[in-house]
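Peer 1: Residue strings, one per chain:
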Amino acid sequence: MAKKQEKAKPHTAIARRDVIDIVKTCEAIEDRKFNPFLLDVKYALNTLRKYLPHWKELEDHCLDAHALNRLSRVLRLQGSQLRFQSSSLYTDPAFLEEKLTALSLKRLAEILAESWHPIAELEQITEPSMKEAIAYWNVLAPVEERWRRFEMGSSAPPGSLETEDLDKIGVRAKETFEETLSELWRQLKEESSTGAVNYQDFICRENFLETVERAVQVSFLVTYGYARMVRSNGSMQLMPNEERKLERHPVSLPVSITHEVWSKWKEKRKLDASSATK
Amino acid sequence: MERKAKARRIFSDKVKRAAHLLLFRRGKLPGAKDWELRARLGEDYEEILRQLNELLDNVDLEVKTIGSTAGVASFGETLTPESRYVTTLKGTISLREARMCGWRIDSLAGLAIAVAYVVSKQGKAPRKEVEKILARKLGRWRAMAMTDAFVRAGYLGEDESGMLYLDWRTRAEVDLRTLMSALAEARFE
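So the sequences go chain by chain: A and B. Just so it is clear: in the first sequence, position 23 is 23 by our numbering, and no numbers are missing. Just so it is clear: in the second sequence, position 77 is 1077 by our numbering, and no numbers are missing.
Worth flagging that the hints you see were computed from the coordinates, not collected in a lab. Keep in mind it's a predicted model, so treat the numbers as computed, not measured. Hints are supplied without guarantee of correctness; some may be wrong.
Cut-off 30 Å, straight-line C-alpha distance, at most; resulting in silico cross-link-like pairs (BS3-like, lysine-lysine) [as the list claims (entries may be wrong)]:
id: 1; chain 1: A; residue 1: K189; chain 2: A; residue 2: K270
id: 2; chain 1: B; residue 1: K1132; chain 2: A; residue 2: K106
id: 3; chain 1: A; residue 1: K56; chain 2: A; residue 2: K24
id: 4; chain 1: A; residue 1: K189; chain 2: B; residue 2: K1132
id: 5; chain 1: B; residue 1: K1028; chain 2: B; residue 2: K1064
id: 6; chain 1: A; residue 1: K189; chain 2: A; residue 2: K264
id: 7; chain 1: A; residue 1: K131; chain 2: B; residue 2: K1028
id: 8; chain 1: A; residue 1: K33; chain 2: B; residue 2: K1137
id: 9; chain 1: B; residue 1: K1137; chain 2: A; residue 2: K106
id: 10; chain 1: B; residue 1: K1128; chain 2: A; residue 2: K245
id: 11; chain 1: A; residue 1: K266; chain 2: A; residue 2: K168
id: 12; chain 1: B; residue 1: K1132; chain 2: A; residue 2: K24
id: 13; chain 1: A; residue 1: K50; chain 2: A; residue 2: K33
Simulated restraints on C-beta separations [as the list claims (entries may be wrong)]:
id: 14; chain 1: B; residue 1: A1153; chain 2: A; residue 2: E57; range: 49 to 55 Å
id: 15; chain 1: A; residue 1: V255; chain 2: B; residue 2: S1012; range: 56 to 62 Å
id: 16; chain 1: B; residue 1: D1175; chain 2: A; residue 2: A13; range: 52 to 58 Å
id: 17; chain 1: A; residue 1: S104; chain 2: B; residue 2: D1013; range: 47 to 53 Å
id: 18; chain 1: A; residue 1: D165; chain 2: B; residue 2: A1153; range: 35 to 41 Å
All residues carry an ideal CB built from backbone N, CA and C; glycine is no exception.
My request is simple: use the sequences and hints to build the entire structure.
Peer 2: Right under this line is the structure:
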């Protein structure tokens, strides 16, 4: 008889794994990864009931209570989904996605405008804003002086521009901003294959303008979670993320690049390069 | 007779004060909280707001109340009792007017996509998914920038686990039923 009972008793490790599986499934449902009705709550409850008499340790009882709590949340989600599906707000998500993809931006904007009642509010003048305005007005140069700066003499005759010139002055972009950032991310991943990349080495270029542009692009990469900045031995290091990972508590990091700073970086870069060749 | 006229004057003063409180932004969010209105207008503030509403009706505006929720509110959940009163447009505006208010067509379209998607997911959707569907129409980087802008403006809220939900401004400004039925009825182009 005792042997039979021993046989019926589940292995603790297997029982724990089963309960942890239930908790994980419930958490995934709560994170909207699965439909709440994918979980057979009755079966899950029976599993918990089956293992309950065999729990001996406090830890296992806590795990059981935790699983029960998660199951109750899933039940609540099932209830709210039923209410939601019976309401007029319900639209099948797959159908809606198809609609959103197929409709033009203008049509989507029109649909929103039909159901949009913006808040009416007025920005008012406050004491600090008045003080700021007065301070600005007091330091503002007279109109004649301001216009004098733009008097460049007689203008040059009209000329023609090639596409290369348009590229140079930034009127025509060779590649979109998205492509530029993707390329920069790829470069960073390549350079960091052996470890973190020094921030100033990565952004420093032969030209000051290019260096500043690169710093701006890197700031976008970091903000959007494609790379992260870490301080190591008093210098800033760049580390690429394998995939986008947003910081839960983002920190602002001001980086000032003046012409002098860039010149120093460039000098250091030259020295490093020459010592490397030696 | 004189007493009645005096009472009416006091009441109309209070209506003016209510209009100032609701229309002029003082803090981070527009409008005024119910306790603020009670303190400034007295216990009968709801009656004063009703009168103000009648006046605003002539200029296509209305006073609306929005429940303030702490964190996530899914459908069917009750909101916390502390409410905020705001003044919104009663009717709707045309795209041309919206553009004059500083909105771009693609920003409006992006907002429609983000709000409709979150609604279809019962008021809560992972940020990644929202950005993914926005990116299909607007490109990846714009989608990310736009999501940030909607969160900053109060249209969407983001919780610790990276889930987006409809925040106070959407609850105040967007008629979700009209939006969802308009999207459902829209013809494929």
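Peer 1: Would you mind marking each hint as holding or not holding in the structure?
Peer 2: Results for each hint:
Restraint check for K189 of chain A and K270 of chain A: the C-alpha separation of about 23 Å stays at or below 30 Å, so the hint holds. Pair hint K1132 of chain B plus K106 of chain A holds up; C-alpha atoms about 20 Å apart against a cutoff of 30 Å. A threshold of 30 Å between alpha carbons decides the hint, and for K56 of chain A with K24 of chain A the separation of about 22 Å falls inside it, so the pair holds. At roughly 23 Å between alpha-carbon atoms, K189 of chain A and K1132 of chain B fall within 30 Å of each other, so this suggested pair holds.
Between the alpha carbons of K1028 of chain B and K1064 of chain B the distance comes to roughly 18 Å, so the proposed pair stays at or under 30 Å and holds. With a CA separation close to 26 Å, the supplied pair K189 of chain A and K264 of chain A stays within the 30 Å bound. Distance restraint check for K131 of chain A and K1028 of chain B: the Cα-Cα separation of roughly 20 Å lies within the 30 Å cut-off, and the hinted pair is therefore satisfied. Distance restraint check for K33 of chain A and K1137 of chain B: the Cα-Cα separation of roughly 23 Å lies within the 30 Å cut-off, and the hinted pair is therefore satisfied.
Of the supplied pair hints, the one linking K1137 of chain B and K106 of chain A holds, its CA atoms being roughly 11 Å apart against a limit of 30 Å. A hinted pair counts as satisfied when its Cα atoms are at most 30 Å apart, and K1128 of chain B with K245 of chain A qualifies at roughly 10 Å. A hinted pair counts as satisfied when its Cα atoms are at most 30 Å apart, and K266 of chain A with K168 of chain A qualifies at roughly 23 Å. Using a Cα cut-off of 30 Å, the hinted pair K1132 of chain B and K24 of chain A holds, with the two alpha carbons roughly 25 Å apart.
Our distance criterion of 30 Å between C-alpha atoms is met by K50 of chain A and K33 of chain A, whose separation comes to about 28 Å. A C-beta distance of roughly 51 Å is found between A1153 of chain B and E57 of chain A, which places it inside the suggested range of 49 to 55 Å. At about 57 Å, the CB distance of V255 of chain A to S1012 of chain B agrees with the hint of 56 to 62 Å. Hint check: D1175 of chain B to A13 of chain A, Cβ distance near 54 Å, so the stated range 52 to 58 Å holds.
Taken as a hint, the range 47 to 53 Å holds for the pair S104 of chain A and D1013 of chain B, whose Cβ atoms sit roughly 51 Å apart. Taken as a hint, the range 35 to 41 Å holds for the pair D165 of chain A and A1153 of chain B, whose Cβ atoms sit roughly 39 Å apart.
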